[in-house]
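Asker: Going down the list, the sequences are from chains A and B. Take 1 as the starting number for the first sequence in our numbering and just add one per residue. Take 297 as the starting number for the second sequence in our numbering and just add one per residue.
Honestly, the hints are just simulated from the structure, not real lab data. The beta carbon of each residue, even a glycine, is placed where N, CA and C say it ideally should be. Treat each hint with caution, since some may be false.
Listed next, with one range per pair, are the computed distances between beta-carbon atoms [what the hints assert, rightly or not]:
| id | chain 1 | residue 1 | chain 2 | residue 2 | range |
| --- | --- | --- | --- | --- | --- |
| 1 | B | Lys-418 | A | Val-82 | 39 to 47 Å |
| 2 | A | Met-95 | B | Pro-424 | 54 to 62 Å |
| 3 | A | Gly-90 | B | Pro-384 | 20 to 28 Å |
| 4 | A | Lys-194 | B | Glu-337 | 24 to 32 Å |
Computed list of chain B residues with no C-beta within reach of chain A, every gap over 12 Å [unchecked claim]:
| id | residue |
| --- | --- |
| 5 | Arg-333 |
| 6 | Val-351 |
| 7 | Lys-355 |
| 8 | Ser-369 |
| 9 | Leu-370 |
| 10 | Met-375 |
| 11 | Glu-381 |
| 12 | Ile-398 |
| 13 | Lys-418 |
| 14 | Ala-419 |
| 15 | Asp-457 |
| 16 | Ile-459 |
| 17 | Ser-488 |
Footprint (simulated), chain B over chain A, 3 or more residues, beta carbon under 8 Å [to be verified]:
| id | region |
| --- | --- |
| 18 | 83-92 |
| 19 | 265-278 |
| 20 | 281-293 |
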Amino acid sequence: MSVHSRRLSAVLFTLVVCHAGACMAAEEPDAAGTPEAAAEPSAHEKSARKRHGKTSPKHAAQAHRAHKHTPAKTRKKKWTPVATPEDPYGDEAEMKVYDPFEKFNRGVFALNAVLYKYVTKPLAKFTEFVLPAPVLTAANRVIDNVESPIRITSSLLQGKGHRAAQETGKLLVNSTIGIGGIWKPSDRIESLAKVPSEDIGQAFGVWGIPSGPYLVLPALGPNSARDLLGRAGDSLLSPTTWVGSTKFRNYSRAGKAVVENPDRMKTYDAATEDALDKYIALREAYTSYRNAAVDR
Amino acid sequence: MHRIFRPVAVPALVLAAQTSLLAASAASESPEVALNRGLAELLSKAEGRDNKDPVELAKRVRPTLEKFFNFESLTQKAMGAGWREFSPDQKTKSVRLFSEMIIRSYTTRFDPSSRVDIQFAKASDLAPGKKEVPATARYQGKAVSVAYRVETSAGGWLVYDVIVEGVSLAGNYRAQFESIRQKGGPEAVIRSMEQKLN
Numbered sequence: 001m002s003v004h005s006r007r008l009s010a011v012l013f014t015l016v017v018c019h020a021g022a023c024m025a026a027e028e029p030d031a032a033g034t035p036e037a038a039a040e041p042s043a044h045e046k047s048a049r050k051r052h053g054k055t056s057p058k059h060a061a062q063a064h065r066a067h068k069h070t071p072a073k074t075r076k077k078k079w080t081p082v083a084t085p086e087d088p089y090g091d092e093a094e095m096k097v098y099d100p101f102e103k104f105n106r107g108v109f110a111l112n113a114v115l116y117k118y119v120t121k122p123l124a125k126f127t128e129f130v131l132p133a134p135v136l137t138a139a140n141r142v143i144d145n146v147e148s149p150i151r152i153t154s155s156l157l158q159g160k161g162h163r164a165a166q167e168t169g170k171l172l173v174n175s176t177i178g179i180g181g182i183w184k185p186s187d188r189i190e191s192l193a194k195v196p197s198e199d200i201g202q203a204f205g206v207w208g209i210p211s212g213p214y215l216v217l218p219a220l221g222p223n224s225a226r227d228l229l230g231r232a233g234d235s236l237l238s239p240t241t242w243v244g245s246t247k248f249r250n251y252s253r254a255g256k257a258v259v260e261n262p263d264r265m266k267t268y269d270a271a272t273e274d275a276l277d278k279y280i281a282l283r284e285a286y287t288s289y290r291n292a293a294v295d296r
Numbered sequence: 297m298h299r300i301f302r303p304v305a306v307p308a309l310v311l312a313a314q315t316s317l318l319a320a321s322a323a324s325e326s327p328e329v330a331l332n333r334g335l336a337e338l339l340s341k342a343e344g345r346d347n348k349d350p351v352e353l354a355k356r357v358r359p360t361l362e363k364f365f366n367f368e369s370l371t372q373k374a375m376g377a378g379w380r381e382f383s384p385d386q387k388t389k390s391v392r393l394f395s396e397m398i399i400r401s402y403t404t405r406f407d408p409s410s411r412v413d414i415q416f417a418k419a420s421d422l423a424p425g426k427k428e429v430p431a432t433a434r435y436q437g438k439a440v441s442v443a444y445r446v447e448t449s450a451g452g453w454l455v456y457d458v459i460v461e462g463v464s465l466a467g468n469y470r471a472q473f474e475s476i477r478q479k480g481g482p483e484a485v486i487r488s489m490e491q492k493l494n
């Protein structure tokens, strides 16, 4: 990782840590963690009001101290969606995404839209024009194969030994019979065919680390604070980070970005083309997808 | 775009289309069996045609979708708790516009010459009268996990949501509609759909 990348990671890590507390509240909103609940008086304050008819400064301070020192576990309630006559599908509603930097994120989203339109989409079209579809598919397979250590390690970190074994099996089969991953004979082996993909961000999710604030980064697109740290972990585990000379590694990363670009642009289009609010559509799609990935 | 965010590019129309014939005999049939049977009917109308005009495709598949897909429930779920703010006229209009949006958006992306292969798994109970049928869809060389959410109605089992790789069709629109409704009420929601369709 370059010096600039390390600095950026440090800055972003600081941002993430500062908001970790708020993130926890957002992941599992409770009576005290949400802005709405900030207006809701604590139990102590309510009974104080009942006894005295109003809240004196002394009792308000007592209520605040009582709430502050209440253990987190007894304060936090897991958010449970509930169906009501007015909202019969409320029991399936997704938890609201924690997006405290929405203004900033929308600005970056708009910038990215311009970047995608004038740079990355034309590049994607050019890539598809120059590289025939089978070649592009094979290149994506090779990248997927090379990044097996990420999935193996992530599976182990989540205690998914069987999945780690499956990924190892895939790596062996595709590297040998598949000649380095150009072909994917593992897809024809039933036990290796449908292995869900894992990454460090998912491992963090399984460990119980909340996703944190939603972030839109220049060129990189949607992320969560947790996934951003996960990406750093993925990068460290990827052989393209530590195999070969600096020049080779840089060319590998550039080649990877070019090969993966067409699919990324298709993802972006799929998530936003039919949206009424493209920013929200992508935010919700990304968050839902990642939550489902953690649960797999 | 982070490569871990896999494309959700499989047309939900095709996936939702597997709901055809659910209503026909849902009383005696499990949802997954009916979905399997319905797949043949709808794909026979959609696949293998040289004419890729999405307008013509929408005309061919619309009657089947309207019969077996609960657009009213889908719209209500997409609007969320704000649905109660809509007048009866606004509700009728919203259902019509939203169903048109959904059908149009996916017929423009569906390639009738491509083959779709869907394998259904056993349904699980979500709530009284609601089930979820998981499936794996293979389309244009990609495999994606899909779940159909179905509910009982007078016509039998009807689909009210489709979830592709964890992304709910209704849930995704719910967040968008809520944002629009909070700023401008039900009329703003209706206007936004009209603008999208025009």
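Asker: Now look at each hint and say whether the structure bears it out.
Answerer: Hints and how they fare:
{"no.": "1", "hint": "Lys-418/B with Val-82/A: 39 to 47 Å", "result": "violated, 27 Å"}
{"no.": "2", "hint": "Met-95/A with Pro-424/B: 54 to 62 Å", "result": "violated, 23 Å"}
{"no.": "3", "hint": "Gly-90/A with Pro-384/B: 20 to 28 Å", "result": "holds, 21 Å"}
{"no.": "4", "hint": "Lys-194/A with Glu-337/B: 24 to 32 Å", "result": "holds, 27 Å"}
{"no.": "5", "hint": "Arg-333", "result": "holds, 25 Å"}
{"no.": "6", "hint": "Val-351", "result": "holds, 16 Å"}
{"no.": "7", "hint": "Lys-355", "result": "holds, 19 Å"}
{"no.": "8", "hint": "Ser-369", "result": "violated, 8 Å"}
{"no.": "9", "hint": "Leu-370", "result": "violated, 9 Å"}
{"no.": "10", "hint": "Met-375", "result": "violated, 9 Å"}
{"no.": "11", "hint": "Glu-381", "result": "violated, 10 Å"}
{"no.": "12", "hint": "Ile-398", "result": "violated, 8 Å"}
{"no.": "13", "hint": "Lys-418", "result": "holds, 16 Å"}
{"no.": "14", "hint": "Ala-419", "result": "holds, 16 Å"}
{"no.": "15", "hint": "Asp-457", "result": "violated, 8 Å"}
{"no.": "16", "hint": "Ile-459", "result": "violated, 8 Å"}
{"no.": "17", "hint": "Ser-488", "result": "violated, 5 Å"}
{"no.": "18", "hint": "83-92", "result": "holds (count 9)"}
{"no.": "19", "hint": "265-278", "result": "holds (count 12)"}
{"no.": "20", "hint": "281-293", "result": "holds (count 11)"}
Hints 1, 2, 8, 9, 10, 11, 12, 15, 16 and 17 from the list above are not met by this structure, while the remaining hints are.
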